[in-house]
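If you read the protein sequences in the order shown, they are chains S and G.
Take 0 as the starting number for the first sequence in numbering that gives the first Met the number 0 and just add one per residue.
Take 0 as the starting number for the second sequence in numbering that gives the first Met the number 0 and just add one per residue.
Among these hints, one or two may not hold up.
Straight line, CA to CA, 20 Å or less: simulated DMTMM-like cross-link-like pairs of lysine to aspartate or glutamate [what the hints assert, rightly or not]:
1) S:K54 - G:E205
2) S:K190 - S:D230
3) S:K77 - G:E205
So these bits of chain S aren't anywhere near chain G, every CB distance computed over 12 Å [what the hints assert, rightly or not]:
4) H65
5) K119
6) A183
7) D213
8) K222
9) R233
10) D237
Quick caveat, the hints were computed from the structure, so don't treat them as lab data.
All figures in this text were calculated on a predicted structure; none of them were measured in a lab.
Glycine included, C-beta positions come from ideal geometry on N, C-alpha and C.
These are the residues of each chain, in order.
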Amino acid sequence: MAALLEVRNLCKSFGGVAATDGVDLDVLTGELHAIIGPNGAGKTTLITQLSGAQKPDSGRIRFKGHGITRMPAYTRAKAGITRSFQITSLVLDMSVLDNVALAVQAHDGHSFRFLKPARKIAHIRDTARDWLQQVGLGDRVDAPTSELSHGEHRLMEIAIALASGAELMLLDEPMAGLGPDESARMVTFLKGIKGTKTILLIEHDMDAVFALADRISVLVYGKIIATGTPDEIRANADVRHAYLGEE
Amino acid sequence: MIGFGKSSWVTLAIMAILLVLPMVFYWNGNTFYLSLATRLTILAIAAVSLNLVLGYGGLISFGHAAYIGFGAYAVGIPTYHVFYGGAEGIATTNGLFQFGVAVGISALFALITGAISLRTKGVYFIMITMAFAQMAYYMFLSIEEYGGDDGLVIEVRSKLPLVDLDNPMELFVLSYVSLVVAMLMVRTIIHSRFGMVLQGAKGNNERMVTLGYNSYLYRLVAFTISGAMCGFAGALMGNFSSFISPEMMAWSRSGELMFMVILGGTATTLGPVLGSAVFIVVEEFMSSYTVYWHLPFGLMLIGIVLFVRGGLMGLLVGKGR
Ligand SMILES: Nc1ncnc2c1ncn2[C@@H]1O[C@H](COP(=O)(O)OP(=O)(O)O)[C@@H](O)[C@H]1O
Ligand SMILES: [Mg+2]
Chain S
0 MAALLEVRNL CKSFGGVAAT DGVDLDVLTG ELHAIIGPNG AGKTTLITQL SGAQKPDSGR
60 IRFKGHGITR MPAYTRAKAG ITRSFQITSL VLDMSVLDNV ALAVQAHDGH SFRFLKPARK
120 IAHIRDTARD WLQQVGLGDR VDAPTSELSH GEHRLMEIAI ALASGAELML LDEPMAGLGP
180 DESARMVTFL KGIKGTKTIL LIEHDMDAVF ALADRISVLV YGKIIATGTP DEIRANADVR
240 HAYLGEE
Chain G
0 MIGFGKSSWV TLAIMAILLV LPMVFYWNGN TFYLSLATRL TILAIAAVSL NLVLGYGGLI
60 SFGHAAYIGF GAYAVGIPTY HVFYGGAEGI ATTNGLFQFG VAVGISALFA LITGAISLRT
120 KGVYFIMITM AFAQMAYYMF LSIEEYGGDD GLVIEVRSKL PLVDLDNPME LFVLSYVSLV
180 VAMLMVRTII HSRFGMVLQG AKGNNERMVT LGYNSYLYRL VAFTISGAMC GFAGALMGNF
240 SSFISPEMMA WSRSGELMFM VILGGTATTL GPVLGSAVFI VVEEFMSSYT VYWHLPFGLM
300 LIGIVLFVRG GLMGLLVGKG R
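My request is simple: use the sequences and hints to build the entire structure.
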């Protein structure tokens with residue numbers, strides 16, 4: 000299968016800290032590729048460079064065969080890359096539906112339209128409502144976003160990523176801060192959408208990762224030390240030593 | 000149009016009072032309140048335009064008085080050349096030309112300064128918008144021909160079809176209608192797709208960029224629309240006061256506009272009008288007692304900001320919009 004996203008020798012440091020240190024990574028079309036690694040390994044920094052929020056110091060990123068290394072974040076989003084945030088990032092003073100509708104609106108032509116009330120545009124509102132229904136927030140659509148729980152915010156992040164219509168979803172610890180029940184629901188949900196999208200999943204929870212991923216890359220101190228199927232990763236001596244350890 | 004809640008009724012009621020009350024006084028031979036209401040209405044247009052960027056866009060522009068100046072000079076300078084010669088190309092009392100120039104120059108200034116200012120954030124944005132406005136202020140201050148810091152008397156008012164601006168009632172009605180149009184324009188814009196993006200970027204810019212919106216461009220367009228509207232208010236102000244001086248563009252005037260919006264209630268339709276009303280009333284009645292009339296206004300502002308969410312509008316209809 001072809002690589003949807005190709006990362007070559009990507010480097011970024013903050014002061015003396017090499018947060019991304021020569022990362023090579025291929026994410027294949029349709030796969031769910033997980034990245035695991037200890038706190039501070041550089042997982043979020045990698046995502047921000049893939050989404051365009053931060054610029055790498057050196058290296059190349061190609062998406063669908065086109066170089067996007069210097070492309071601004073909003074253009075990458077239009078090209079089909081979206082991300083969710085480890086620390087929830089929503090428009091808190093808008094309703095839940097408005098947040099998701101903005102994601103739908105983003106790929107429904109340009110938004111320099113000044114006359115028609117956006118909340119009356121049926122196809123955008125209906126699509127947004129559908130996505131909220133899918134993640135299980137169907138009864139919360141009209142609530143102000145600020146009134147939702149942390150768990151519901153995590154679900155909103157996913158609904159927005161899906162509603163943005165992107166081919167490649169970069170999910171930064173979608174289970175962060177969720178209780179066991181909520182985590183289990185999220186895993187079930189991600190299993191359901193697996194295959195319909197290409198997903199790069201960053202996750203801490205090993206059980207979740209091994210249950211979901213087609214392939215796993217292990218990131219330690221900014222370097223990918225191994226990539227393979229869940230079985231291969233489990234069997235890899237370096238990984239056991241460096242990360243899985245004797246837990 | 001949009002849902003008719005409590006705030007809509009309050010808005011309608013207050014706008015009706017603003018229309019009828021000065022007329023009643025006028026027909027009873029008291030012209031003072033009509034003139035006060037005209038000034039209030041014109042300032043309110045400026046405040047409504049500022050609210051588009053400040054309230055809905057979260058962009059704290061500290062330079063909106065510059066547009067009032069551009070608008071008023073767009074009336075004053077062509078008229079000056081009609082009376083004192085020179086610059087034949089622009090010498091005219093034609094109101095359509097003058098108002099057109101007022102809006103055009105303001106839009107252009109907003110576009111250029113916005114393109115630069117919007118690359119900055121927070122305090123830097125406040126400072127740089129103020130700096131650009133001060134540049135305009137010093138420019139007019141230095142032009143001797145147009146009176147420098149003495150200002151420029153506008154000898155005759157703009158000649159417009161249908162309305163005679165020398166008639167105080169007609170000037171008031173034009174200003175009032177312009178205010179209503181400005182309010183409806185902003186209301187329409189903020190509910191549109193464009194408006195959703197503008198407000199989304201205020202709430203969480205990172206999220207909007209991640210969704211694929213180039214929020215910089217959306218903000219720049221909003222800033223330009225706002226500047227153009229404020230320039231229109233300036234042309235009305237020139238006609239109202241028959242006089243323009245750089246002092247009308249000073250940073251303290253920009254600050255007053257900001258106060259009006261915040262006091263009345265940012266991101267509300269009526270808020271800027273309420274803020275302007277309070278400002279005008281306090282200025283008019285306190286300034287005859289003390290030169291420190293800004294003090295009660297400032298105290299009121301602090302009180303509202305500290306204790307009432309959503310300004311005076313929040314006080315009237317409860318929190319939020
Ligand atoms: N904006 C930043 N400024 C300075 N250091 C940063 C910044 N972002 C990340 N880092 C550092 O880079 C390293 C990787 O961080 P991060 O990508 O957040 O790791 P992870 O997501 O794997 O926990 C850490 O040492 C962190 O302190
Ligand atoms: Mg992280």
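Query - Hint numbers contradicted by this structure - result: 5
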